[in-house]
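Top line first, the protein sequences correspond to chains Y and Z.
In my numbering, each number is its position in the first sequence, counted from 1, plus 6.
In my numbering, each number is its position in the second sequence, counted from 1, plus 478.
Heads up, none of these hints are tricks.
Covered, in the sense of this in silico footprint (three residues per stretch, anywhere, with C-beta under 8 angstroms from a C-beta of chain Z), are these stretches of chain Y: (1) 32-46; (2) 131-144; (3) 154-163; (4) 244-252; (5) 259-273.
Read the hints as simulated data drawn from the structure, not as lab findings.
We put the CB at the ideal spot given by N, CA and C, even for glycine.
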Amino acid sequence: MASPVTGRLTDRERLLRVLSQRGARGGRIEAHRAMLRLPNAGRRLSASLLLGVAGLAGFVALLPTLGAFWGTLFRRIHAALGLPGPVVERPTAFGPVEFTVPTVAFDAPVPMPRDLAIAAGVVAGLIVISLALRGRWLPAAYFLRAVAVVLTTAVGFFAFWPDQFPYRLSEYVVGHLQAGLVVMGLVPLVLGFTFYLFDLSVLRKILLTAMVLGHLAIFLPLQAMFHALVVSQLTLVAMPVLALLFGILLDVMVFVAFYGWAMSWPSALWEEVPRP
Amino acid sequence: MRTALLIPLLVIVGIVVVYTLRHYLFTLNRLFGTHRQPYVDIGVADWPHVSVLVPAHNEEKVIAGMLDALLAADYPADRLVIVPINDRSTDGTRAILDAYAARHPARVKPYHRTDGRPGKAAALAEAFPTIAGEVHLIFDADYLPGQGLIKQLVAPFFDPEVGAVMGRVVPLNVSRSLLTRLLDLERSGGYQVDQQARMNLDLVPQYGGTVGGVRRSALEAVDGWREDTLAEDTDVTYRLILGGWQVVYQNRSECYEEVPETWPTRIRQIKRWARGHNQALAAYTGRILAKPAHLRPLVALDGLLLLGVFAMGPLLLIGWGLATTLYYLGYQISTGILPILAVATYSTLGNFAAFFEVATAARLDGSRNRIRLLPFLLFGFLVSLTSVSVATLSQLVGRFRGEDHTWQKTERYRNGPSIGGPA
Numbered sequence: 007m008a009s010p011v012t013g014r015l016t017d018r019e020r021l022l023r024v025l026s027q028r029g030a031r032g033g034r035i036e037a038h039r040a041m042l043r044l045p046n047a048g049r050r051l052s053a054s055l056l057l058g059v060a061g062l063a064g065f066v067a068l069l070p071t072l073g074a075f076w077g078t079l080f081r082r083i084h085a086a087l088g089l090p091g092p093v094v095e096r097p098t099a100f101g102p103v104e105f106t107v108p109t110v111a112f113d114a115p116v117p118m119p120r121d122l123a124i125a126a127g128v129v130a131g132l133i134v135i136s137l138a139l140r141g142r143w144l145p146a147a148y149f150l151r152a153v154a155v156v157l158t159t160a161v162g163f164f165a166f167w168p169d170q171f172p173y174r175l176s177e178y179v180v181g182h183l184q185a186g187l188v189v190m191g192l193v194p195l196v197l198g199f200t201f202y203l204f205d206l207s208v209l210r211k212i213l214l215t216a217m218v219l220g221h222l223a224i225f226l227p228l229q230a231m232f233h234a235l236v237v238s239q240l241t242l243v244a245m246p247v248l249a250l251l252f253g254i255l256l257d258v259m260v261f262v263a264f265y266g267w268a269m270s271w272p273s274a275l276w277e278e279v280p281r282p
Numbered sequence: 479m480r481t482a483l484l485i486p487l488l489v490i491v492g493i494v495v496v497y498t499l500r501h502y503l504f505t506l507n508r509l510f511g512t513h514r515q516p517y518v519d520i521g522v523a524d525w526p527h528v529s530v531l532v533p534a535h536n537e538e539k540v541i542a543g544m545l546d547a548l549l550a551a552d553y554p555a556d557r558l559v560i561v562p563i564n565d566r567s568t569d570g571t572r573a574i575l576d577a578y579a580a581r582h583p584a585r586v587k588p589y590h591r592t593d594g595r596p597g598k599a600a601a602l603a604e605a606f607p608t609i610a611g612e613v614h615l616i617f618d619a620d621y622l623p624g625q626g627l628i629k630q631l632v633a634p635f636f637d638p639e640v641g642a643v644m645g646r647v648v649p650l651n652v653s654r655s656l657l658t659r660l661l662d663l664e665r666s667g668g669y670q671v672d673q674q675a676r677m678n679l680d681l682v683p684q685y686g687g688t689v690g691g692v693r694r695s696a697l698e699a700v701d702g703w704r705e706d707t708l709a710e711d712t713d714v715t716y717r718l719i720l721g722g723w724q725v726v727y728q729n730r731s732e733c734y735e736e737v738p739e740t741w742p743t744r745i746r747q748i749k750r751w752a753r754g755h756n757q758a759l760a761a762y763t764g765r766i767l768a769k770p771a772h773l774r775p776l777v778a779l780d781g782l783l784l785l786g787v788f789a790m791g792p793l794l795l796i797g798w799g800l801a802t803t804l805y806y807l808g809y810q811i812s813t814g815i816l817p818i819l820a821v822a823t824y825s826t827l828g829n830f831a832a833f834f835e836v837a838t839a840a841r842l843d844g845s846r847n848r849i850r851l852l853p854f855l856l857f858g859f860l861v862s863l864t865s866v867s868v869a870t871l872s873q874l875v876g877r878f879r880g881e882d883h884t885w886q887k888t889e890r891y892r893n894g895p896s897i898g899g900p901a
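I would like the entire structure built from these sequences, with the hints used as guidance.
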C-alpha cells in the first residue's frame with residue numbers, strides 16, 4: 007500500500023505492482039474499472055473517522071480565534087463600506103466553546119409600496135430573461151425562475167404583512183454566521199466519511215480540509231457583509247432571496263467544488279505505474 | 479401553525495436522510511464490498527438460442543451501426559438471431575433493415591409494425607409472441623455493443639433462477655456539451671456504484687430496458703411485456719422480483735449509447751422516465767408492502783426506495799415550500815432544518831445518485847478531470863427536479879381526467895446511416 011503520509015509507492019511496491027500486472031510477452035494486464043475497489047476497509051474507515059474527528063476538534067479549538075478574526079474583518083469592511091452604527095459582538099456557543107461573532111447594529115428599512123413595485127418589476131424581468139434563455143442556457147433559466155419564485159413570496163409577504171417579518175438585519179447576520187459555522191464544523195466530518203477513505207496522502211487530506219475551512223472562514227463574513235449591504239440598500243424584501251438561495255446553499259456549493267477538485271487528484275492505488 | 483408545518487417537513491427531511499444513507503452505504507459497499515459478477519468470464523459453453531431485439535422508431539441515423547456491431551458479436555452464429563423491430567418508422571429505417579435482412583437472411587429477421595400503440599413497450603409486447611429464442615436481449619437502436627457483450631449478458635442465464643440481466647450503459651458522446659458530461663457523471667454513479675452495490679448486496683438491481691435481457695420463460699410466467707406502461711423495464715423488474723426471479727447486474731458488460739445533447743431532449747426523456755416510474759410506483763407499492771414470503775425485508779425496503787426515487791422530486795419541492803413558509807413564520811435558519819434540507823437536497827437530486835456516489839464512480843472510471851464538474855450537477859438537478867415534478871403533476875391531473883399517456887422518442891445525434899451502412 008502507498009505511504010499514508012506521502013501517498014507514493016515505495017520502490018518495492020512499484021516493482022511488485024509492475025510484476026503483478028505483467029502479462030504475456032511483457033504486456034500489461036490492467037484491472038477493469040468494474041473490478042476496482044479499495045483494500046483494508048476497517049483500517050481506512052477507522053482512520054478516516056479519526057482524522058475527521060480530529061479535524062472537528064481542531065476547528066472547535068480555533069473558534070474563539072475565528073470569532074476574533076471575523077470581528078476584525080467586519081470592522082474593516084464596515085468602515086470601508088461606510089455602513090451606519092458600530093460592529094457589535096454577540097456571544098455564541100458551539101458545543102462547549104463560548105466565543106463571539108460580529109454583527110451590524112443597524113436595521114434595514116421595511117419595503118414601501120414603491121420598493122415592492124420595483125421588486126415586482128424585477129420578478130417580471132427575471133421571468134422575461136428566463137424565457138429568452140434557450141439552448142445550453144436553459145439551466146440558468148431555471149435558476150432565474152427559482153429566484154423569481156422566492157422574490158415573489160417576499161413581495162407577497164411584505165404586501166400583506168409588512169410589520170410581521172420576523173427578522174432584523176442584525177439577527178440575520180448572526181444567524182447566517184452561526185449556520186456557516188455549522189457547515190464549517192461538518193466539513194472535516196463529511197470529508198472523514200467520504201474523501202479521507204481514498205488512497206491519498208494524509209498531507210493532501212489535511213490540505214483539502216484546511217483549504218475548505220480557510221476559504222469559508224474568509225468567504226462567510228464577506229458574504230454576510232455583502233448581504234447586509236444589499237438588504238440595507240434594497241430593503242428587507244431582498245433578504246429571503248439572499249437567505250434561501252445565496253446563503254448556506256452557496257456555501258455548500260463552495261464545499262462541493264473543493265470536494266470535486268480534490269476527488270480528481272491522482273491515486274497511487276489506481277494509477278498506471280510507469281515501467282521501470 | 480408552525481408545528482403543523484414542521485411535522486411534514488421533518489417527515490420529508492427524514493425520507494431524504496434515508497435516501498442519503500442508502501447512497502452512502504451503497505458507495506461504501508462498492509468501494510470495499512465483495513463484488514458479485516456471476517459467470518461473466520465464461521467463454522466456452524453450450525450457449526442457448528438468443529434473439530436480440532432492437533426496437534427502432536425512425537432510427538435511420540443509427541440503426542446500421544447497431545446491426546453491424548451485433549453481426550460482429552462473438553456468439554455462435556447459428557444460435558443468435560437479430561430482430562430489429564421497426565416500430566412504425568416513416569424515415570429510411572425500413573429500407574435499411576430490409577437491406578440487412580437480404581444480406582443476412584438467417585441472422586437478421588426484421589419485424590415491421592405499421593400501426594398499433596406507439597412506444598417501445600407496445601412494440602415489444604406485439605413482437606414477443608412471434609420471436610423464438612430462450613433468451614431475449616434488448617438494445618436501443620443507438621447503442622454500440624462490443625464483440626463479447628452478448629456472451630457476457632447471456633452467461634448469467636445459466637443460473638435457472640435468473641429472470642433478467644442488465645449490463646452497464648456508458649455514454650459515447652460525452653464531450654459534446656456540459657449536459658453530456660453531467661449525464662456521464664450521473665450514469666457513472668447510477669451504474670458503477672448504485673447498481674453494482676445493489677447486486678453485491680443481493681437487493682434489487684434494475685433491469686434497465688436496454689443492454690440487458692430476459693429469460694423468455696420467466697417473462698411468460700409474469701404475463702409478458704405490457705404495452706400500457708412508459709417504463710417497461712421497471713415494470714418487468716418488479717414483476718420478476720415479485721414472481722420470485724432474480725435480476726442480475728453485470729458491471730463489466732459495458733455498452734455505449736448516445737445521451738441527450740440538448741436540454742429539451744433531456745427534459746422529455748426524464749419526464750418519460752418519471753411518468754413510467756410513477757406508474758410502477760402506483761402498481762407495485764402495495765404488492766411489495768404485502769411482502770410475498772420469498773421477499774426478504776431488505777429487498778422489499780430497497781424495492782420500495784427504488785420505486786420512490788422519482789416521487790422524491792415533488793416531495794422535495796413540497797419540502798422547500800414548507801421550509802420557505804416556516805422561514806416567513808420566524809423559524810430561524812440557524813436552528814437546523816433549512817441547512818439540513820439544503821445539504822440533503824443538494825446531495826440527493828438529479829438522477830438521485832448522491833455526490834459521493836457520483837464522485838466515487840467517476841474516480842473508479844478514471845474520469846478525473848470530469849469530477850471537477852461536480853458542482854454543476856446542481857443545475858442539472860434543478861432541471862430534473864422541476865421536470866420530474868411537472869411530469870408527476872400532469873400525470874396526476876391526467877389520471878383524474880382519464881387521459882392516456884403519450885410516448886416520445888429520444889432524439890438521435892449521429893450523422894446519417896454511414897456507420898457500416900448497407901452498400
